[in-house]
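> Okay, here's what each chain looks like letter by letter:
Number of protein chains: 2
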Amino acid sequence: MFGLIGKMRAQPGKRGDLIAILLDGTAAMPGCRAYIVAEDAEEDDAIWITEVWDSAESHAASLKLPAVQAAIAKGRPLIAGFDSQVKTRVIGGAGL
Amino acid sequence: MFGLIGKMRAQPGKRGDLIAILLDGTAAMPGCRAYIVAEDAEEDDAIWITEVWDSAESHAASLKLPAVQAAIAKGRPLIAGFDSQVKTRVIGGAGL
Numbered sequence: 001m002f003g004l005i006g007k008m009r010a011q012p013g014k015r016g017d018l019i020a021i022l023l024d025g026t027a028a029m030p031g032c033r034a035y036i037v038a039e040d041a042e043e044d045d046a047i048w049i050t051e052v053w054d055s056a057e058s059h060a061a062s063l064k065l066p067a068v069q070a071a072i073a074k075g076r077p078l079i080a081g082f083d084s085q086v087k088t089r090v091i092g093g094a095g096l
Numbered sequence: 001m002f003g004l005i006g007k008m009r010a011q012p013g014k015r016g017d018l019i020a021i022l023l024d025g026t027a028a029m030p031g032c033r034a035y036i037v038a039e040d041a042e043e044d045d046a047i048w049i050t051e052v053w054d055s056a057e058s059h060a061a062s063l064k065l066p067a068v069q070a071a072i073a074k075g076r077p078l079i080a081g082f083d084s085q086v087k088t089r090v091i092g093g094a095g096l
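Respectively, the protein sequence lines represent chains U and R.
For the first sequence, the UniProt record's numbering begins at 1 and goes up steadily by one.
For the second sequence, the UniProt record's numbering begins at 1 and goes up steadily by one.
Any given hint could be a false lead.
Copies of the same chain look alike in the list, so a pair counts if it works inside one copy or between any two.
Taking lysine to any residue pairs in the SDA-like style, the calculated list, with each CA pair at most 20 Å apart, reads [to be verified]:
1) Lys64 / Glu42
2) Lys74 / Ile91
3) Lys87 / Asp45
4) Lys7 / Ala41
5) Lys64 / Ser84
Honestly, the hints are just simulated from the structure, not real lab data.
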């Protein structure tokens, strides 16, 4: 399985709104085993997104979904930056 | 929900064995919503563990479980180091 672990920063005070947009647009994505959105517990504006997909292709295809495109467009003004993104090979674990 | 995103490094050539130990010991942990183990796609010995718990207390309690303690003891010689660990407040997402 294909995984992504990414950290982004919201504009000051906009993390809650950005997270709501992210969750709204990513509810039903074919091949998505996990798309988990979390607040960094120590950095006020930082958001972590951890994803598991059945393949890199499923992930790539998701970026063309209308709901995802709408979320990207709606969320972009609230994004201050992308700090990191790691690609992984997901081996397994509880909750998948 | 309480989340953790951690990166560790296995001893050279031991990543597969370490991941097997991690997965074996973490199959049934009360309060665990996700415990996902992945290989870093670019760093040969790096392992990412992304966790979601219903509370920090559930996570703390899990460290006392016999299966987890056994996995820690068995895995420790195969660990070369812990690179990072981030605490998060998990808001939601697909696959939880």
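> Determine which of the earlier numbered hints do not hold for this structure and return their numbers in increasing order.
Of the numbered hints, 1 and 5 do not hold.
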